[in-house]
Amino acid sequence: MNRTVRTAVAIAASLGCGMLHAQQPGQPDPLFKLDAQSRVQIEAILDSARHDSLPGRPLRSKAYEGIVKQANGQQVLREVRKLFGDLKQARAALGPAADSGALEAGADALYAGVIKPEDLVKFKPGPKTAASPASALTYLSDLIQYRGVAREDATPAFSKLWQDGADDAEFKGLWQSVDQDILSGVSPSTALQDQVRKIPGRGRGGDTSSPSTDPHAHG
Amino acid sequence: MVERTPTVLALSAALLIPHGIRAQTVSKLEAGSLIASSADGSGVPNSVFRIAPDVLITRPNASLAAAASAWLLGQQWQLVDGSVSGTVTSPTVYGVRTELLGGVSRAFEDQSLGSNQVDVATRVSVPIEQASGVWVGGGVARPWKIATVSAVDLMDGGAWTRIGNATFTTTFTNQRFTKAARTDSSGDVSACVASASGGAGIDGPYGSESGTTGCSHGSSVSDLESSVRWQFSRVELTGTAGYRFGDALDVEPDSRRWATGTATVWVSTRLAIVAGGGRQPADIQRNLPARSFGSLGMQVAYWPSWRDAIPVGPDRVTAVRAFDIRPDNGLERITIRVGSVEQVEVAGNFTDWEPVTLTRHGRDMWDIALPIAPGVYTIDVRVDHGPWFAPPGLPTMRDGFGGQVGKLLIEK
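Quick mapping for you: the protein sequence lines, in order, are chains A and B. Start counting the first sequence at 0; every next residue gets the next number (numbering that gives the first Met the number 0). Start counting the second sequence at 0; every next residue gets the next number (numbering that gives the first Met the number 0).
Don't read these hints as lab results, they were simulated from the structure. The beta-carbon is built from N, C-alpha and C at its ideal position, and this holds for glycine as well. There could be a bad hint or two in this list.
[What the hints assert, rightly or not] Label-pair restraints from in silico Cβ distances:
# : chain 1 : residue 1 : chain 2 : residue 2 : range
1 : B       : Asn60     : A       : Gln36     : 28 to 34 Å
2 : B       : Pro373    : A       : Pro155    : 25 to 31 Å
3 : B       : Gly293    : A       : Ala149    : 55 to 61 Å
4 : B       : Arg233    : A       : Glu42     : 48 to 54 Å
[Stated by the list, open to error] Facing chain A, from chain B, some residues (calculated, C-beta under 10 Å):
# : residue
5 : Ala368
6 : Pro370
7 : Gly392
Please build the complete structure, drawing on both the sequences and the hints.
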């Protein structure tokens with residue numbers, strides 16, 4: 000019994016001192032971790048993006064992401080190909096003035112299915128708008144995908160705010176406030192409508208129901 | 000004399016194990032003095048030096064735990080109890096997760112009272128908003144070798160919620176069993192025999208007049224227990240209180256209520272002072288009496304595993320308590336709060352998805368400063384080479400590879 004106890008204590012003492020995990024060394028050129036066929040096709044997509052004046056970095060980044068997340072070559076190729084298609088649609092909707100961040104955000108929203116190409120047009124940069132709709136589209140996608148806000152409520156509200164000149168900070172504040180309300184038990188669409196009304200000067204922005212009786216509202 | 004060969008082998012195995020298993024391993028070793036007293040003075044020495052190792056190995060859908068305790072009585076160590084248990088967890092489907100739990104345990108302290116036991120249970124849990132949850136479950140415990148009760152059927156349920164730095168848990172457990180032996184006031188154990196009427200009887204006085212707990216056929220005991228765990232900076236406090244429902248023949252008066260408290264103060268990232276005390280209820284399955292206790296000791300660990308208090312704790316990914324990013328001298332400082340881990344990494348399109356390791360500060364704070372220009376980025380976090388996940392507090396989107404990715408917006 001004593002020998003067993005001493006052995007057990009010895010094991011326990013060494014375990015109690017903590018363990019170290021060896022760190023994996025980084026490797027250059029991650030695309031070479033893919034099979035040759037997938038890599039060649041991804042490189043071809045990157046060439047096509049250059050030819051079409053589309054940003055290549057999001058495509059390469061999506062490939063790297065898949066490699067780090069241990070997806071196989073076919074999965075990575077599928078996602079890169081899909082993103083390429085979404086970038087082309089985003090370019091068509093947002094116009095040539097849209098920067099890489101806006102194209103990426105637009106492509107992400109199209110990929111997630113939270114916005115249709117005809118709605119993405121409403122986020123085109125204009126004289127009153129901020130420089131890039133990336134923030135607006137990012138928060139819009141999250142509210143629809145993960146917070147339960149209906150697309151038919153969120154998209155008009157966000158596009159109206161965008162066209163009225165809401166900036167990145169306002170969209171972030173709106174997203175945080177809606178999220179808090181939802182966690183407090185308010186229905187997602189009601190939370191969005193309530194918070195949109197609270198944005199100074201934009202009370203009518205997201206109201207898709209009956210006209211507001213707010214005497215200070217524009218329109 | 001210390002046996003060198005098995006000790007060396009044991010140490011070698013222990014040091015090699017972490018490199019061979021792609022899993023999270025948390026261990027602790029507690030050593031200190033224990034003072035205890037029970038109503039009948041049985042089974043528990045008044046004062047003893049105690050050492051208790053505990054190890055938990057977790058993988059995404061399974062975990063294995065082992066624990067033991069030994070007392071130093073006089074000049075000799077005595078192994079008091081040991082247990083090995085495992086859990087297999089299903090993926091969360093429609094917000095519901097199921098678990099299969101099994102374990103083997105043994106009590107050594109008194110061969111006439113102790114028992115080996117195998118228990119198997121299942122549990123269905125529903126996490127709610129990643130900060131609370133409810134569960135129901137059932138199982139059986141089968142003692143063998145020397146048993147004071149027959150097989151125990153268990154049903155339990157409960158709820159937990161995290162508010163700020165505190166986690167509250169309430170559990171309700173029902174145990175149904177047939178008592179196979181009883182302990183009289185002198186400490187002697189006698190077996191139950193079946194009476195002619197079909198009920199269980201005893202070969203001696205039966206009833207509560209002498210203050211003993213007698214045999215009972217088809218006994219049912221239910222425990223209602225609440226606990227709270229609060230942690231802030233280097234201090235962790237836990238408190239538990241409970242009440243036992245049951246027939247007077249099954250529940251001693253001094254075992255109706257209990258309460259315990261523990262305080263852990265981390266003096267370094269790996270060393271803590273632990274103090275505790277209170278009253279523990281009787282262990283029906285092993286016929287151990289209720290006892291009051293006080294303990295003071297040291298603990299060696301990164302983070303103690305607190306499995307008993309949170310039976311259905313959150314998924315590993317939600318163990319990240321906070322994520323923050325803010326400007327710092329022209330760079331962006333990423334700060335993540337997560338304990339119980341050896342390594343924290345971030346990756347995203349701002350690193351070309353090359354994992355970057357954060358630096359630990361204190362027990363659970365990790366950070367790194369990186370040059371990130373204003374814009375919108377993707378970002379994920381992983382701990383101990385586990386799966387990548389989106390940091391809390393950020394908008395997220397599907398990554399196309401079966402998971403999610405966070406969207407990081409750096410303002411001008």
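Agreement of hint Pro370/B with chain A interface, Cβ distance less than 10 Å: violated, 16 Å
Can you tell me whether the CB distance of Pro373/B to Pro155/A sits inside 25 to 31 Å? For Pro373/B and Pro155/A the Cβ distance comes to about 28 Å; the hint holds.
For the range 55 to 61 Å, tell me whether the beta carbons of Gly293/B and Ala149/A fit it or not. With Cβ atoms ~58 Å apart, the hint holds.
Hint validity - Ala368/B Cβ closer than 10 Å to any chain A Cβ: violated, 19 Å
Determine whether the Cβ-Cβ distance between Arg233/B and Glu42/A falls within the hinted range of 48 to 54 Å. holds, 52 Å
Hint status (Cβ of Gly392/B to nearest Cβ of chain A, threshold 10 Å): Holds, because the Cβ-Cβ distance from Gly392/B to chain A comes to roughly 9 Å (cut-off 10 Å).
Do the beta carbons of Asn60/B and Gln36/A sit within 28 to 34 Å of each other? holds, 33 Å
Violation of the numbered hints given earlier is confined to hints 5, 6; the remaining hints are satisfied by the structure.
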